[in-house]
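Student: Chain by chain, the residues run as shown.
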Amino acid sequence: MKTVIHPFSRKENPVKFKKKSLWLESWKRLKKQRAAMIGLSIVLFFVLLGFLSPIITNQPYDGFNPEKTLISPNSEHWFGTDDQGRDIFTRIIFGARISLWIGFFSVIGSIAVGAFLGLLAGYYGKWVDTIISRFFDIMLAFPSILLAIAIVSILGPSLFNALIAIAIINIPTYGRLIRSRVLSVKEEEYIMAAKITGMSDGRLIFGHILPNSITPIIVQGTLGVATAILEAAALGFLGLGAQPGEPEWGKMLADSRQFITTAPWTLLFPGFAIMLVVLGFNMFGDGLRDALDPKTK
Amino acid sequence: MKPLLSVQNLKTHFFTDNGVVPSVDGVSFTVNVGETLGIVGESGSGKSVTALSIMQLLPSRKGKIVDGKILFQDVDLSKLSDKKMRRIRGNEIAMIFQEPMTSLNPGYTIGNQIGEALRLHMKMNRNEAEQRSIDLLKEVGISRAEKIVRDYPHRLSGGMRQRVMIAMALACNPKLIIADEPTTALDVTIQAQILELIQKMKKDSSTSMIMITHDLGVVSEVCERVVVMYAGRVVEEASVRTVLESPSHPYTKGLIRSIPRLEQDVEWLESIPGNVPIPSEMPTGCKFASRCEIATDQCMEEEPELYEVGPGHISRCFLAREVKNAITAT
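First to last, the protein sequences are chains A and B.
Residue numbering for the first sequence follows the working numbering, starting at 11 and increasing by one per position.
Residue numbering for the second sequence follows the working numbering, starting at 264 and increasing by one per position.
So here's chain A without its partners, still in its complex pose (with noise of 0.2 Å):
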């Protein structure tokens, strides 16, 4: 039997060119961990609860109300009522929104300011570099709680200057993560090209150097969330974040202490919520990793 191979088949180009961008080939590998895909869709359940909480419910989230003191779940409060008679299902509904505003915001500011200290000391080196870095070491030097507290003490207490301490207290964590990718990526030869064409130093860093060092900061970014939702939670529980009558979580519990044994649903929920989101955001981080990772492509 004979088999003809054509070897040149003169077909016109049956290959498609499609624009693929590189988070595109990302996305399509993160939608392959079972893991991440569930993290992603507790982190989402509760992005769309926090949006859509005045629908959910139609009850105040703050308020007194002594004919309702400490009810156990029931069809009407499906998660019990506190101590003031508040409603903790709608209470945790709009805690969300507080729990992850503080936790998108909180990163997002240590990510800008430490991601931008991170690229100037590992760009530049040297004495600037020396600075930076031991403004680094000096505030890891801290407990994070305890540089929260005092920082919360000196701004005052309330949920935004939370938010603040939070920032500032992750911001070495970045700029560490930021500055040792730096170290590598400068040494790139592309970036050695793009010096060549004469580009500023401003327009090397923040469009050849930043872009090509952001992934790890991402994946930390996203855990990151998670632990600045706990420190939230352990500054409201000390009530150096939420003041009374905010739905904060970790202010919930701590205002339900005294009432583990006699109504625990109080503090079970709050609790369960504050577990769930993190457990979320923790999730969904690992997965980020593992799909952005050059090493395992």
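Certain hints may be false.
[Claimed, not checked] No farther apart than 30 Å at their CA atoms in a straight line, the calculated lysine-lysine pairs in the DSS-like style are these:
(1) A:Lys136 - B:Lys410
(2) B:Lys274 - B:Lys346
(3) B:Lys332 - A:Lys136
(4) A:Lys136 - B:Lys346
[As the list claims (entries may be wrong)] Stretches of chain B that chain A covers, calculated by requiring three or more beta carbons in the stretch to come under 8 Å of a beta carbon on chain A:
(5) 354-368
(6) 473-483
[Unchecked claim] Which chain A residues stay away from chain B? Per the calculated CB distances, all over 12 Å, these:
(7) Ile65
(8) Pro70
(9) Pro76
(10) Trp88
(11) Leu165
(12) Ala203
(13) Asn222
(14) Leu286
Treat the hints as calculated values from the structure; they're not laboratory data.
All C-beta atoms in this analysis are idealised placements derived from N, C-alpha and C, irrespective of residue type, glycine included.
For chain A, the structure is supplied; the task is to place chain B on it using the hints.
Tutor: Just chain B now, with coordinates in the frame of chain A:
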């Protein structure tokens, strides 16, 4: 005629923990308008450091030009401010690298990277830059340039990437292109194509070029004049023909002899024994003496200067004339 680039007594030293390393130690040469100059030498002879000195892109912490002038169109590049130097880089002097696989930023499209220099120096907008990028890609022989321009580097082969690098270098019509071993990382068939492309580019424009290589084959194909470097110094300079036919420095002779020849059936390939001496342990006399077959006592003690052995032909060897005549005799 005035030369486009004139390097005079350039000394670039590296300050390391183990002392000062004179990587380039008193190098002088000129490049005329439209000319291609080859710089040949082994690894560690200071070729690439010379190129980086011209571009003022030495690793800032350690490398420093300690003496000498780099006159480009009568302006000393080593005295220019950073800002003025940036206007020259990529615009008037462009560079092609050895490693096309890693010289493109993986995060940007091809068009974006070629266009960057255009937007920077020629003040083009995005569309103009993309259009010009497509034209450039076509010029360097990339088919489907309209598609490639929007592709990311990881989709291109080494040869294609080197073409892209050449397109980037050509983008702003530079007066001088420095090619630092542009074919070393490519396989042989692609090497030939790239060399052909470089020659075509040169013919089409009046661009001058410095071709840094260790491959005398490349030199014979594209260069007009050759500077042979050894241990941070120029050891011989002449036209390509002269260097290949009657070299007058034992080192050049050794380099030529170590090219394998097809017509001869030999058991062993020739090579120059030994290595380039480590810069921190430089001998006092001629730097090549320890590896030289014909070294005399004088070579061990004194360092030879550059002697003129013919019109436009200089050699750093006490026995330059003898070496030259010996070769022509055989």
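Student: Give a verdict on every hint.
Tutor: Tested hints:
no.	hint	verdict
1	A:Lys136 - B:Lys410	violated, 43 Å
2	B:Lys274 - B:Lys346	holds, 23 Å
3	B:Lys332 - A:Lys136	holds, 28 Å
4	A:Lys136 - B:Lys346	holds, 21 Å
5	354-368	holds (count 9)
6	473-483	violated (count 0)
7	Ile65	holds, 41 Å
8	Pro70	holds, 49 Å
9	Pro76	holds, 61 Å
10	Trp88	holds, 48 Å
11	Leu165	holds, 39 Å
12	Ala203	violated, 5 Å
13	Asn222	violated, 6 Å
14	Leu286	holds, 35 Å
Violated hints for the displayed structure, listed by number in ascending order: 1, 6, 12 and 13.
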